[in-house]
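Q: Knowing the structure of chain A, use the given hints to seat chains B, C and D on it.
Residue numbers (my numbering), protein chains in the order written: chain A, 1 to 149; chain B, 1001 to 1161; chain C, 2001 to 2275; chain D, 3001 to 3822.
Since the hints were made in silico from the structure, they are not lab data.
Keep in mind that a hint or two might mislead.
[Said to hold, decoys possible] Think about it this way: if two alpha-carbon atoms lie no more than 30 angstroms apart in a straight line, the pair counts; the simulated DSS-like pairs of lysine-lysine are:
{"id": "1", "chain 1": "D", "residue 1": "LYS3073", "chain 2": "D", "residue 2": "LYS3409"}
{"id": "2", "chain 1": "B", "residue 1": "LYS1132", "chain 2": "D", "residue 2": "LYS3461"}
{"id": "3", "chain 1": "D", "residue 1": "LYS3108", "chain 2": "D", "residue 2": "LYS3065"}
{"id": "4", "chain 1": "A", "residue 1": "LYS65", "chain 2": "D", "residue 2": "LYS3409"}
{"id": "5", "chain 1": "D", "residue 1": "LYS3283", "chain 2": "A", "residue 2": "LYS49"}
{"id": "6", "chain 1": "B", "residue 1": "LYS1132", "chain 2": "D", "residue 2": "LYS3452"}
{"id": "7", "chain 1": "D", "residue 1": "LYS3065", "chain 2": "A", "residue 2": "LYS111"}
{"id": "8", "chain 1": "D", "residue 1": "LYS3409", "chain 2": "A", "residue 2": "LYS49"}
{"id": "9", "chain 1": "A", "residue 1": "LYS79", "chain 2": "D", "residue 2": "LYS3073"}
{"id": "10", "chain 1": "A", "residue 1": "LYS111", "chain 2": "D", "residue 2": "LYS3317"}
{"id": "11", "chain 1": "D", "residue 1": "LYS3317", "chain 2": "D", "residue 2": "LYS3461"}
{"id": "12", "chain 1": "A", "residue 1": "LYS111", "chain 2": "D", "residue 2": "LYS3073"}
{"id": "13", "chain 1": "B", "residue 1": "LYS1007", "chain 2": "D", "residue 2": "LYS3073"}
{"id": "14", "chain 1": "A", "residue 1": "LYS111", "chain 2": "A", "residue 2": "LYS2"}
{"id": "15", "chain 1": "D", "residue 1": "LYS3452", "chain 2": "B", "residue 2": "LYS1007"}
{"id": "16", "chain 1": "D", "residue 1": "LYS3065", "chain 2": "A", "residue 2": "LYS65"}
{"id": "17", "chain 1": "D", "residue 1": "LYS3065", "chain 2": "A", "residue 2": "LYS49"}
{"id": "18", "chain 1": "A", "residue 1": "LYS49", "chain 2": "B", "residue 2": "LYS1132"}
{"id": "19", "chain 1": "A", "residue 1": "LYS2", "chain 2": "A", "residue 2": "LYS65"}
{"id": "20", "chain 1": "D", "residue 1": "LYS3067", "chain 2": "A", "residue 2": "LYS79"}
{"id": "21", "chain 1": "A", "residue 1": "LYS79", "chain 2": "D", "residue 2": "LYS3065"}
{"id": "22", "chain 1": "B", "residue 1": "LYS1132", "chain 2": "D", "residue 2": "LYS3033"}
{"id": "23", "chain 1": "A", "residue 1": "LYS111", "chain 2": "A", "residue 2": "LYS79"}
{"id": "24", "chain 1": "D", "residue 1": "LYS3065", "chain 2": "A", "residue 2": "LYS2"}
{"id": "25", "chain 1": "A", "residue 1": "LYS2", "chain 2": "D", "residue 2": "LYS3461"}
{"id": "26", "chain 1": "A", "residue 1": "LYS28", "chain 2": "A", "residue 2": "LYS79"}
[To be verified] Simulated restraints, written as ranges between beta carbons of each label pair:
{"id": "27", "chain 1": "D", "residue 1": "GLU3421", "chain 2": "B", "residue 2": "SER1085", "range": "58 to 66 angstroms"}
{"id": "28", "chain 1": "A", "residue 1": "ASN133", "chain 2": "C", "residue 2": "MET2186", "range": "32 to 40 angstroms"}
{"id": "29", "chain 1": "D", "residue 1": "LYS3067", "chain 2": "B", "residue 2": "ARG1017", "range": "33 to 41 angstroms"}
{"id": "30", "chain 1": "C", "residue 1": "LEU2153", "chain 2": "D", "residue 2": "GLU3156", "range": "37 to 45 angstroms"}
No residue lacks a Cβ here, since even glycine has one placed at the ideal position from N, Cα and C.
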Amino acid sequence: MKVEGTRSFAAPRETVWEVLNDPARMAKTMPGVESFDVSDDTHWRANVKIPLGLGGLSMSIDFEKTEERRPEFARLAAKGNGVGAIMNMVTAFHLTEDGGGTEMKWEADVKIAGPVGSMGQRVLQPIVNQQVNAVLTALEKQVQEANTQ
Amino acid sequence: METVSSKRIAVTVNGERIEYDLEARRLLVHFLRDDLDLTGTHVGCDTGNCGACSVLYNGRLVKSCMLLAIQAEGATIETVESLSSDGELTPLQQAFSDHHALQCGYCTPGMLMSATALLRADERPTEQQIRKAIQGNICRCTGYVNIVRAIQAASGQAVER
Amino acid sequence: MLLREVEYARPQTVEEAVRALAENDGARALAGGQTLINVMKARAASPDVLVDLQDVEELRGIRDTGNGGLELGAMTTYADLLADEAAGARSILGEVAAAIADVQVRNRGTIGGNVCSSDPTNHFPPLLVAMNAQFTIRGVDGERTLPANEFFLGVYMTAAGPGELLTRITLPPGGQDGFAAVTIGMDGTAIVSAAASLNGGARIALGCVDATPVRATQMEQRIGEDYSVDTVRAAAQGLGATLDPPSDVHASTDYRRHLAEVLAVRAVLRARERR
Amino acid sequence: MTETQTQPQPLVVEREETKPGFVGQNVPRKEDKRLVQGEGVFFDDVKRHGMGYVHFVRSPYAHAKVKSIDLTKALELGGVYGTLTGDEVAILTDPFFELSVKPGADIKDYALAVGRVRHVGEPVAAVVASSRELARDAADLVEVEYEPLPVLTTGEEALRDETILHEDAGSNVVWSGVFDWGDWEGAKAEADHVVKIERLHFDRFSSTPLECAGALVEYNRGTGQWTMHCNHQMPGIGAIWMAPALRTGVDKLRFVTQDIGGAFGNKICLHPQFVALCLLARKLNRPVQWTEWRTDQHTANAHGNERTFLDVEVAVKADGTLLGFNCRAIDDCGAFPRYEPLGCIIWAQVTPGCYRWRNIRVDFTQVCTNKSPVSPNRGYSRMQHLWLTERIVDIVAHELELDPVEIRKRNYVRAEEMPYETPNGCVYDSGDYARGLDLALELIGYDRLEEKRRDAEERGKLLGFGIGSTLDSGTNNFGQSTLLNPELQFSGNNEVATVKLDIFGEIVVTLGTVPQGQGHETTAAQVVADILGCSPDDVTVRPGHDSYWNSHAGFSGTYASQFAVTGLGAVKGATDMLASQIKRVAAGVLGASEDDLELAEGQARLKANPEAAIPFMGIGAIVNANNAILPMEVRDVTLNCRYVYVPPFELPDFERKFGNLTLTYASQVHVCLIEIDPETGVYDIVDYAAVDDCGKRIHPQIVEGQVHGATAQALGAATHEIFAYDDEGNLLTPNFYDYHVPHALDMPPMQNGYLESASPFTPLGAKGMGEGGGAGIHAVCAALQDALRSRGNTTVWRSCNPYHQVWQYLQSPARGVEVTGR
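This is chain A alone, in the form it adopts within the complex (with noise of 0.2 angstroms):
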């Protein structure tokens, strides 16, 4: 499923775009990271664990940058295992500059397989949009602490 959308930042674009390519802090960005190790400047790995108000959903997750045009662009792919679930997702953003402030268009393409998909389809999409749009907040929590140092 394809999720998109547009954020923009009270932050000039270099800070944005270190902050979305410090594995360090996109970590911060997610939820449950339980650890993350950086294995190079393009694959990293998050032990997480989605906390689902049922119980948390842990998963796996290796990442890795397969496009970079600094500073406007950079696309993601991750593969995410779980005992739960499989996730295979491809994400992409432009940064734009917008005043003195930045704009990021973001999209993803999120694909979940696995005994969460015999939940029913009806909580597969929103559970997506709710982690996505934790992570979108977290970020610009991050944005703003690095755009403060």
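A: Okay, now just chains B, C and D, sitting in the frame of chain A:
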């Protein structure tokens, strides 16, 4: 607060008090079927929809696949095996046979438990009440027509044909 | 079937229950289990500890708050709502409870579990939003009360976070409530649902058009206190366009938008008819 | 020792007037007493000391290469007994026998995925542990690395061969062929109108028996023999697939069943899982048990065939006389053919449906897609085709403004034309479709239709009326398989029964069949009782089937609407043999001749002097334990008789795809009324009437039960039951959350009527009827189209029409139909 991953529970099943060591994750239906060998209670789905595992739990109709056995500590459970005594069919069981309310017989135990719960609460249910009472029990053989008739008959009502 | 290993606790009081929940952030409350156990069967989500609330008497019972409102213990079952006299005073409760699944589920399932599982297809979340219910949540450091629209955060996500327990739901006075749903077969899973409560103005909430119930505020404003068929129908115009419902095997986004308008009207008109 | 007799069946069976007896009566079902007490024995009730529980690791991908499987963590877990992977399977077994010619013939199908997965839920490995829960824990620890491949989710996509599922076959096509009977071009020239329908689609669903599949498998090291306590409904065929794959003989595979929780055809293709279990039982040297859960069954066991009909052309005379039709059919059999491509010919048993058109051309292609494999499913392949013929008739009536009742009556095969040879050489044995329709119309109050329409309109509802007239062809001529693949060495049919009289006078029957609720124990006893002059209560019919002890023939099993003919034909044959032996013994002892004797009240007695009688107990005792008193000429008697019923079939003609493919044709005329809420597309079936004709009814109550069940399944398929997939090949309805089967509140009021057009071709005048023809699906589709007529005149082009589909019809009505020569 103390938590346990397994525990010895005491439960009364079909009038018999039983003590048993159980993993917390064991579903009641597996406890009944696999541990107590009460195989009349069946499993027809994995989402709590089909009702083949219906039993009476402290007198109330429940699906035994949506309870942990460990929750049943201190409870009283009635399964299909408790309905008739020494091979004597109850009027409900007899009506199921008389009206051909079963074919493969897989949903039948759950169906009988639902009907039993209904008839204990209401001696002369209407057809609509009967259908409402077995809504949680899926049958793939009969289209429910003869099951409804059998329950009507068991409650001493004329069966329209 | 076949759950992952899990720890189990069976507290006797809300105190104990909250402590048990607080001690481990993987702990979850087990009410009727009619959703949670199934999620665990699929191993889609797995709590580390189940805190079984069956013995906690404080969580049961339905009380008249005196001012015509009602207080529902979180462990009130659907069957209780059908049988209970006090609940009978607010007839929508029994009516909606009666349309949930089947006898077995109604005997075990609780209103607390229904709202805390926050499944978009559940009937009570939109109804309680429409009724402007208040949700009381207990944590180790005390109690807080939230309005319904702040309670529901997402699928399987509510304001009752880790270490917290929903203890009761309080309904303000009222009585002119309506509910309408299109379900997959009789008493089946909701495709779209709508609830309305008329109490010096209409409160309308839609279910299954998003992760959480959606208030139809524009429609409410257009209606004001004029519940005539024409006004209500006119007010619903364009409601669908304000929504972005999921599309799945049971309904396209457009179909859900359309049903939302139709059902919102029906809910209001049914509420109007209720005495 | 037992003796066997099998006489060639005459085409037309001479039947003496059946004297009043138990056949035709609703005697109590023998099966019921154990089942209502929860004392049935289903496969999952069987336990063995030290048994291990099997959990399959299943693919989350619809199409992917399996790059690696890491079992380390699973094997480290305490309580884990062992594992099995595709690599081992590829070494230890041969691929399953394929029925198709090339390209389908080259498909390699194993017990576990070998190198590649082709549908979500396909087993890639198996884990065995000491408890069900542990087995799943271990399965969760198996790490499989996949490399996703492009996914095919429709037959039309697959046909393009841009992505190939089975590289060995080199194409996604399993089988294709053109069926051309009569003179289509001539019919088109003769027609006043040609009605062209762009597309009709029969959706995927299955009967979803409430008991899923499974088995407890034991391996006997000393004898090299496997015992499977299971619910396979066609062990003979199962063994034919399994034995060569396991490189053993069929007698090394013992199938044991007692009670089966419904099958409906969905338990015919269990051989891949069973082979995996056999390998595990041998490898681990312990009994292994596998229980399939609902989500597994929906995602990876057996679906019904999905079929798309394109460019349907119908030749019609101005007066509504149907001359013929022509179409392309694309059948989607999922990831592996298994029982297919038999579905590519089975439909031809009912080529013209109930109608007299003589010119029919079908260009048929079956392809593989990345969906669950199919298997026979109640109404197998004929239902899809009968839906086409019924849709054609109603769409033509609709377009040419003909009355759906009139056009049917004008074109139905007539009672006086029976037996009727169809354009492809099938012989409809008997029936009166027009009378069936009249009876159905009467039951539903058709004369008040317009009144009901107005009443519904007043309530803001759209009322629709629909007819489904179908056939349930029973008793296959397996020779039809040679029309697909002339190399196949299958033809005819057979079924077995044994009947014996034991030392204490007990009458014991065993059957070759594998019942799943059809009441075989009861109806067999009725037939025996009538012949031996005793009560069904005196007759023991052994429950279930044990391939070691139940005598069986090549086509034994319970499938394809045939027990009343083949099963009971065998029972009758064996009992006639026993009756004659009993008389010979009595005659010998009483010094009379066989003809002087009659069997009544559990005795053999002199017609002339009923006082001179020997009870069966005496006969049994004499032959079994006191035979020295017998005259020499009757010492050959064993009182243990086996009979093989063989229907009178000939080989079909491969060149013309012509021949008699089935022995009997039960007919169904179902009608319904539906009401649509035009605001939402939500509809209810408000009234339903079913008229069935299966010839002589052995047990009317059981017949009615079958009708009720077939109708419920048809109504489910017409309304909500659909196996829908997303573009990634994920099944969107993998369990009863989203796959909604009818519940008690969903079923309409139902009235039943019966005709009895005895079959001239069968021992008892009975016809197989268990499947029905899916009449309910056709009736609902017709009723929807009728109701929507006033709202933009849409064509109901799908078999499954949930509310959102009906809303679609309301929003954007599409005809997709073109009429020339108007």
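Q: Run the structure past the numbered hints and jot down the numbers of the failing ones, going up.
A: 1, 4, 5, 8, 10, 11, 15, 18, 25, 29
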